[in-house]
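J.: Produce the complete structure using the sequences and hints provided.
Number of protein chains: 2
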Amino acid sequence: MDSIISFMVPHSSCLTYNGKNGVSALPNRASQVLHNEEPDSHIHPKVPGWFSEDCPIWPGQAHFLRVEKILFQGKSKYQSMMVFQSSTYGKVFVLDGALQLTEKDECSYQEMMTHLPLCSIPNPKKVMLIGGGDGGILREISRHSSVEQIDICEIDTMLIDVYKEFFPDVAIGYEDCRVKLHVTDGTLFLNSVPSGTYDAIIVDAFDPIRPDHELFESEFFELVSKALRPGGVLCIQAESIWFKSLDIEQLLTKCRQIFKGCVDYAWTTVPAYPSGVIGFLLCSTDGPCVDFRNPINPIDPQNYGISKQPLKFYTTEVHSAAFCLPSFAKKFTDPKAKSSSCNGFDRERH
Amino acid sequence: MDSIISFMVPHSSCLTYNGKNGVSALPNRASQVLHNEEPDSHIHPKVPGWFSEDCPIWPGQAHFLRVEKILFQGKSKYQSMMVFQSSTYGKVFVLDGALQLTEKDECSYQEMMTHLPLCSIPNPKKVMLIGGGDGGILREISRHSSVEQIDICEIDTMLIDVYKEFFPDVAIGYEDCRVKLHVTDGTLFLNSVPSGTYDAIIVDAFDPIRPDHELFESEFFELVSKALRPGGVLCIQAESIWFKSLDIEQLLTKCRQIFKGCVDYAWTTVPAYPSGVIGFLLCSTDGPCVDFRNPINPIDPQNYGISKQPLKFYTTEVHSAAFCLPSFAKKFTDPKAKSSSCNGFDRERH
Chain A
2 MDSIISFMVP
12 HSSCLTYNGK
22 NGVSALPNRA
32 SQVLHNEEPD
42 SHIHPKVPGW
52 FSEDCPIWPG
62 QAHFLRVEKI
72 LFQGKSKYQS
82 MMVFQSSTYG
92 KVFVLDGALQ
102 LTEKDECSYQ
112 EMMTHLPLCS
122 IPNPKKVMLI
132 GGGDGGILRE
142 ISRHSSVEQI
152 DICEIDTMLI
162 DVYKEFFPDV
172 AIGYEDCRVK
182 LHVTDGTLFL
192 NSVPSGTYDA
202 IIVDAFDPIR
212 PDHELFESEF
222 FELVSKALRP
232 GGVLCIQAES
242 IWFKSLDIEQ
252 LLTKCRQIFK
262 GCVDYAWTTV
272 PAYPSGVIGF
282 LLCSTDGPCV
292 DFRNPINPID
302 PQNYGISKQP
312 LKFYTTEVHS
322 AAFCLPSFAK
332 KFTDPKAKSS
342 SCNGFDRERH
Chain B
2 MDSIISFMVP
12 HSSCLTYNGK
22 NGVSALPNRA
32 SQVLHNEEPD
42 SHIHPKVPGW
52 FSEDCPIWPG
62 QAHFLRVEKI
72 LFQGKSKYQS
82 MMVFQSSTYG
92 KVFVLDGALQ
102 LTEKDECSYQ
112 EMMTHLPLCS
122 IPNPKKVMLI
132 GGGDGGILRE
142 ISRHSSVEQI
152 DICEIDTMLI
162 DVYKEFFPDV
172 AIGYEDCRVK
182 LHVTDGTLFL
192 NSVPSGTYDA
202 IIVDAFDPIR
212 PDHELFESEF
222 FELVSKALRP
232 GGVLCIQAES
242 IWFKSLDIEQ
252 LLTKCRQIFK
262 GCVDYAWTTV
272 PAYPSGVIGF
282 LLCSTDGPCV
292 DFRNPINPID
302 PQNYGISKQP
312 LKFYTTEVHS
322 AAFCLPSFAK
332 KFTDPKAKSS
342 SCNGFDRERH
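Going down the list, the sequences are from chains A and B.
In this text, residue positions in the first sequence follow this note's numbering: the first is 2, and each later residue adds one.
In this text, residue positions in the second sequence follow this note's numbering: the first is 2, and each later residue adds one.
Among these hints, one or two may not hold up.
If several chains are the same, the list does not tell them apart, and a pair holds so long as it fits within one copy or across any two.
Stated by the list, open to error - Derived EDC-like pairs: lysine to aspartate or glutamate, alpha-carbon spacing no greater than 20 angstroms straight-line: (1) 105 / 248; (2) 313 / 250; (3) 165 / 177; (4) 126 / 149; (5) 227 / 152; (6) 245 / 104; (7) 227 / 69; (8) 332 / 170.
If you are wondering where the hints come from, they were derived from the structure by calculation, not from laboratory data.
T.: Okay, structure coming up:
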């Protein structure tokens with residue numbers, strides 16, 4: 002099957018990450034940058050002025066966005082990045098050819114990814130974020146006044162710099178004084194933290210999700226489980242209900258064995274992602290039972306945290322609704338497996 | 002802004018509606034057919050083998066589907082049609098360049114469009130469908146054993162024939178003996194029916210929805226309201242929460258004035274539609290109060306009606322969840338307007 006083209010923009014409008022061309026506010030991290038003299042190989046002349054993802058795991062479809070202007074293009078030692086102004090989705094960030102974030106719909110992803118876990122447990126204090134270098138999840142965590150410590154592991158500092166420059170309303174999360182950035186691999190970091198450290202761990206590391214990725218290996222989940230306190234929670238992005246590139250049922254079964262608490266699956270609408278939805282896998286460790294469907298820790302609507310804005314997407318109603326799956330996907334959440342997982346710590350369900 | 006291309010398939014693979022070329026099972030309706038000697042003007046050579054909608058009301062984005070084979074292409078006296086085999090969405094039906102239905106995701110649209118209204122009222126007996134010529138909503142109505150009469154107004158019989166030929170699992174709805182097809186304009190038909198005839202009217206007539214369309218004129222809604230019994234219900238497709246091509250807030254305000262019962266807004270995921278979601282406007286007339294959010298008329302899971310399949314998408318939980326709107330869209334459903342609309346007929350809400 003032919004692969005569909007990716008960055009369909011004229012070369013002449015590309016900026017590279019070299020401290021010039023209007024990106025001078027970026028710190029000079031030349032050591033990280035592979036100068037991009039050869040324009041990105043994804044650029045294609047067939048449909049000038051349009052961008053589309055190149056996603057081999059979702060073959061046969063492509064979402065095109067019209068490019069008004071390319072604002073940035075460069076490569077760190079880990080990955081290639083592009084920022085463009087789209088005509089309908091605001092600014093768009095692209096990582097290795099995959100759409101990561103748009104200004105129009107980032108609210109649904111960031112708010113759900115953060116508040117689904119944090120609103121499901123009482124008084125979260127220590128939170129860890131693996132990936133999520135854009136800062137949007139940090140921004141959302143900052144709405145929780147109970148939180149005392151936010152550790153983020155992001156390996157690519159150029160990515161952070163690019164977000165700070167072009168998406169200040171997203172990267173604003175870094176301004177929360179509770180945030181501590183660890184420029185290291187999340188798995189390495191997890192290996193170094195004492196058991197039972199965190200109330201919540203959020204993993205926003207890779208897109209698209211590949212079934213063979215190490216994040217979906219048992220070893221990774223065991224590290225996360227060990228780093229969580231009893232009754233602590235994990236939230237990790239987990240594909241769309243509409244596609245089969247990841248075996249969600251198998252993933253949930255594996256997590257039930259490892260986490261031994263509650264394991265559930267939710268989803269939300271994100272128009273710019275393939276199929277327009279994205280799912281979240283939520284797990285709690287053995288301990289005080291967590292009922293992800295009935296949030297017990299509502300967000301104070303007056304507390305914007307470091308953000309300048311009220312919530313755009315999340316509500317308590319939307320939280321519970323996110324767990325209502327279509328008939329064809331109900332097998333993901335086997336109620337028998339769930340009810341048997343709360344070992345003596347069960348609490349009254351509403 | 003350049004318009005993005007539509008049918009990007011080689012001419013040589015097109016079939017026209019002329020009773021030959023493998024569509025011989027279609028009745029000969031030559032009088033309705035503008036023979037398509039000149040290939041469809043949407044065909045474009047730039048990205049061979051891919052289809053995309055040409056939707057000027059959703060500029061700046063386009064969803065591309067890979068075409069395995071064009072199965073049919075033709076024109077009735079009302080509109081042009083194309084059926085193709087896609088590589089990931091099954092067979093796809095295209096009307097005047099706009100994607101209407103795919104086999105992969107038609108379940109969410111048809112089931113929600115039907116069961117949101119019919120499960121919200123007790124024992125619906127007389128149901129009217131305007132448009133929906135594909136038959137999928139008829140198939141869904143047939144799951145309701147209380148229904149005695151199903152009137153469908155579809156003006157384009159060629160559309161029905163094409164669906165019967167290429168989408169038998171959708172068009173199977175016509176086989177229900179309660180269905181009566183009226184080949185006429187829905188508005189004309191509404192003018193002819195006695196007041197208070199129907200328990201429910203479902204309008205599935207046009208896609209994309211245009212703000213200036215007659216279906217969104219007060220006159221049309223007044224006709225629907227008159228044709229419904231007291232406490233009868235309307236369901237009409239009403240755009241995506243993510244786009245502003247239709248002023249949903251204004252539409253709901255207008256409907257509250259006309260229907261004088263309950264007016265509410267729900268949404269569901271339909272990956273093949275722009276933004277991946279579609280909305281539904283639900284209205285009830287003055288009379289016994291309807292609470293769309295809490296369905297009172299569950300579907301018997303053993304009763305498949307004329308369908309050979311159990312429900313793929315709809316559940317009672319999904320029904321209620323469909324009304325949970327993101328913060329940014331909550332203004333659509335002004336609770337003040339809703340609570341004042343149930344004039345003395347209010348029932349206990351769960």
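J.: Could you run down the list of hints and mark each one as holding or not?
T.: These are the hints, each one checked on the structure:
In this homomeric assembly, residue 105 and residue 248 come within 20 angstroms of each other (Cα to Cα) only across copies, at 18 angstroms, whereas the closest approach inside a single copy is 29 angstroms. Taking the shortest Cα distances, residue 313 and residue 250 sit within 20 angstroms of each other only across copies (17 angstroms), while inside one copy they are farther apart (31 angstroms). Within a single copy, residue 165 and residue 177 get their C-alpha atoms as close as 14 angstroms, which meets the 20 angstroms cut-off; across copies the closest is 60 angstroms, which misses it. Taking the shortest alpha-carbon separations for residue 126 and residue 149, only the intra-copy value of 5 angstroms comes in at or below 20 angstroms, while the best inter-copy value is 59 angstroms.
With identical chains, the CA atoms of residue 227 and residue 152 are at most 20 angstroms apart within one copy only, with a shortest distance of 16 angstroms there and 61 angstroms across copies. For a Cα distance limit of 20 angstroms, the shortest separation of residue 245 from residue 104 across copies, 16 angstroms, qualifies, whereas the shortest one inside one copy, 27 angstroms, does not. In this assembly of identical chains, the alpha carbons of residue 227 and residue 69 never lie at most 20 angstroms apart, being 47 angstroms within a copy and 48 angstroms across copies at closest. Proximity of residue 332 to residue 170 under the C-alpha cut-off of 20 angstroms is found in neither arrangement, the shortest distances being 38 angstroms within a copy and 24 angstroms between copies.
Hints 7 and 8 from the earlier list are contradicted by this structure; the remaining hints agree with it.
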